[in-house]
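Visitor: Starting from the known structure of chain A, fit chain B onto it as the hints suggest.
Chain by chain, the residues run as shown.
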Amino acid sequence: MAKLPRRIEENVWMKFGRDLLQSNNSEALDEQIKFLKACRDGNSALLEYLEPLLSDSNNLTGKDSTYVDIKLTEKEFRNPPEDTQEEIFENFKDYPSETLSYNGFWGYLIINLIRSEAIQASFLAANTGNNNQSGLVCLDYALSENAEAILVDATVRRVLRSMCNPAPRGKRIVFDDFVLGSSFWRWNFASRVSTALDRSLDMILNIMSVEMFGQISALLHANDSWLSHRNVLSGVVLFRESYNNIKVGTFKNYVTKLRFMSAWKAIEIQSPNDNFDDLVIIYQSE
Amino acid sequence: MEGIIIDYPYMIDGNNHFKESVSYDVTTVRLPNKGAIKVEHTLRGQSYIYDLIKDGRAKFTSSYFFRNSSERAVDVIELKDIKVFEQDGEFEIIAEQEINFDFSYNPEVWPNIVAYENIDFNVDDKSGLNEIWEIGETISIGKYSRIASFGKLSFNTGNVNYLIDTFCDPELPDGTLSVKVTEYASEGEKPIEINCSQDIYDELSARPIVPTPRTAHDGFRGSIITQALTAIYAHMSNLENKEDDIHPGLLEHMNSLEDDWQSDSGFCPALAASKQYPYLVEVLKREED
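Chains A and B are the protein sequences, given in the same order. Just so it is clear: in the first sequence, position 22 is 1419 by this note's numbering, and no numbers are missing. Just so it is clear: in the second sequence, position 230 is 214 by this note's numbering, and no numbers are missing.
Hints listed in this document are in silico derivations from the structure and should not be mistaken for laboratory results. Hints should not be assumed to be uniformly reliable.
Residues of chain B placed beyond 10 Å of chain A at every Cβ, according to the derived structure [as the list claims (entries may be wrong)]:
| hint | residue |
| --- | --- |
| 1 | Thr11 |
| 2 | Lys22 |
| 3 | Asn106 |
| 4 | Gly203 |
| 5 | Gln246 |
Derived BS3-like pairs (lysine-lysine); straight-line CA-CA distance at most 25 Å [to be verified]:
| hint | chain 1 | residue 1 | chain 2 | residue 2 |
| --- | --- | --- | --- | --- |
| 6 | B | Lys174 | A | Lys1412 |
| 7 | B | Lys174 | A | Lys1649 |
| 8 | B | Lys226 | A | Lys1644 |
From the three backbone atoms N, C-alpha and C, an ideal C-beta is built for every residue, glycine too.
Just chain A, same shape as in the assembly (with noise of 0.2 Å):
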């Protein structure tokens, strides 16, 4: 019997978050501040404010738990090591894939790791772009008396980003945006790959690169979802690992290439192997 993982709604989770960025609207800068505080507060007082969303059994669904054993410092947070990527991974592997693509199901998680201190609420808020600053830090600038607008706002998307909330960045954050869901299809298709090449799932995450997958992830949930065909994926794993010099833009025009031979080509019938050298023609017709 498949598992059905307790996980919040869909349409609730995203109206969670698109409720907290209404802009131009004094209140809602009131209900952020309200939110970032009990973020600043820590976990208790963020589970306190969430109480309402999850009390309700309306908003919830599924019956099975959602968490995996791991404590994670801020750092290992915002980039997970390997071996928690593949505690992620192997604790979760065996649910329904279709779970494992809603927001809410990783939402829910997150919250329960809130809830057993594996984390700290103010790791949420911690900025990795290039100022680099913790969460705590960025909660006291926002929180700060003379902080503006725009700075709490983007402190909130910042927040729902790393609860994989789509409101800020739409559905597909929980394929790109959201390390850890990001981590969990990495490790999913790269363990495809490796049973269709017969080869080390260590060995293919290797060639799939954090940086490769999420090429291939944007392609992916934008039109060339062609690729996620095992046979397919696993020849332009072939073909990345003897061309690994080739820029993003060429990678990303040969993907299309392949999908417009899809047109007339069974490609996800055909071996690995095949699409491999398929790619490796469309490469040398350039």
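Guide: Frame of chain A, contents of chain B only:
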């Protein structure tokens, strides 16, 4: 986008490569109380495709697309699982697939018939082909080529019907509609949304748009679509970037227009839309006469 020229006879709705007696039909049903769907392929009429499937040199396949996670899967029907019926000059092959999956929603399904080896044959009266293919002509088809596709569930054919979702907005005044184009929608999503008033919605829902209008209602329905297409084409022609990150079906449709929609000048959305339904222009001409 580069054009694709297929130089062998393949079967897809409306391309007229085959005689009328030859057809490929697919139905899908979600099985109650099971996380599964049943796909049934039916190939009728004598044709070269019929012979290839019967010999195991071509196979029925179904490609599945699960939209939320952009995952795809494919299933192939093997020779042992097909049923061949030949009687009194009637030819039929039926094959069923039951696909189990752990998704709560139905995938989009793209059924195909695929050549499983390199094929060479000479056209004869049993090939099932129209007169555009000459008797005695040699046809070569590469391994893994699609030789038939069932377009009904395909979302990248460029047929505009597969690109549009229609909604009723009871608050709109009678006779009005609005069109929203999300050109960057992903492959499994419909990039065009038509919101219309109740009367327009009823008109569009009443029955399908017919290729040749017989009544004022038929004409009215056609004109609604022409109006919507005009808005869509205007939106597309105003895009700064007319190639990258555009929904493939929408791009396919735009590229199929008689006029060059990517031209910086000279593209008229209203004229292009009216060419999609030339009968409307013909009707107007008759009125003038």
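Visitor: Next, verify each hint and record whether it holds.
Guide: We went through each hint and held it up to the structure:
For Thr11(B), the non-interface assignment is confirmed: its Cβ lies about 21 Å from the closest Cβ of chain A, beyond the 10 Å cut-off. At roughly 20 Å, the least C-beta separation between Lys22(B) and chain A is larger than 10 Å, which holds for a residue marked as non-interface. Look at Asn106(B): its CB is around 22 Å from the nearest CB on chain A, clear of 10 Å, so calling it non-interface holds up. No Cβ of chain A comes within 10 Å of the Cβ of Gly203(B); the nearest lies about 35 Å off, and the non-interface call holds.
Separation of Gln246(B) from chain A is adequate, the least Cβ-Cβ distance of about 17 Å exceeding the 10 Å criterion. For the suggested pair Lys174(B) and Lys1412(A), the alpha carbons sit about 22 Å apart, so the restraint of at most 25 Å is met. Between Lys174(B) and Lys1649(A) the CA atoms are separated by roughly 23 Å; this keeps the pair inside 25 Å, and the hint holds. For the given pair, Lys226(B) sits about 23 Å from Lys1644(A) by alpha-carbon distance, which is consistent with the 25 Å threshold.
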